[in-house]
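Asker: Generate coordinates for the entire structure from the input sequences, incorporating the hints supplied.
Residue 257, in UniProt numbering, is where the sequence shown stops; the numbers in between run on with no holes.
Nothing false has been slipped in among the hints.
Straight-line alpha carbon distances no greater than 25 Å define the calculated PhoX-like cross-link-like pairs of lysine-lysine that follow:
hint : residue 1 : residue 2
1    : K140      : K85
2    : K207      : K189
3    : K143      : K85
4    : K140      : K207
5    : K143      : K207
6    : K143      : K88
7    : K143      : K189
8    : K140      : K189
9    : K88       : K140
Distance ranges between label pairs, derived from CB positions:
hint : residue 1 : residue 2 : range
10   : T241      : E137      : 52 to 58 Å
11   : K140      : K85       : 16 to 22 Å
12   : S48       : K88       : 22 to 28 Å
13   : R182      : K242      : 46 to 52 Å
Keep in mind that the hints were calculated from the coordinates and are not lab data.
The C-beta atom is built at its ideal place from N, Cα and C for all residues, glycine as well.
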Amino acid sequence: MPSFTSVISQRTPCTGLFISMFSDLAVALIGNSGFDCVITDTEHTPVSAHEATHVVHAVAAASNGNLEQTASLCPWSTPRRMHDKSCKGARYPPLGQRSIGLIHAPFAGHNVEKTQGYCIESKALDVAVVVMLESAEGVKSAKAILACEGVSGAFVGLFDLRLSLGLSGGDGDEPSLLGCLRQIVEADKATEKPVGILASSTASLQKRLSLGFDYIINATDAGLLAQAAETSLQEARRTATKKGAIDSSDASTTVAD
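Answerer: Structure below.
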């Protein structure tokens, strides 16, 4: 399975999806649908670490890669703090301070030394640390944060960023927001590290791509389910209404004859 960093480097822009409904079946279907990456959202959902582990393994088995949005977000007060907490916490020694829980590693085996070697040698360099830029303060430090050793890229938390700017809603083209997005993209280009963002519509997708974002999360599992349910219901009602009109016309014709 290719890593997120390798997918981003080989194919830009990339498209992805948010997973917030932690169903193994839904995840398997999404994993096989062709998205370049998915974000399993454990920040805004009441999912346990046990459930998240199964979902991540299912995505890894079915698709290109996975990003984990964790419930523990470290403050972005300084680039140094970002490096110490996020980068070191995501990687095994000697690159970081992550504890090795071998039994829960993908493809873990009974041979501890073999599994440990696999985790460290094969996976250490493939772990992507993607930081969230979702406040006015974070935007100001975007270049310094992305320049930190070990940071692989960033993702814009659009809703929270808008709130920090005093804006409502989840999307828009306000000058203050566009200024922040351009500043983030400039930091992206200066550090050569990919930055992604959410796009809630086709129009928004086109605008974000034109700004220069490297990957776009353009759907959510809950949104796709709601959209499909609404579309199916509307089509069924249109068909039923049309058939009812035809049956009524036939009945009227029969009576007239």
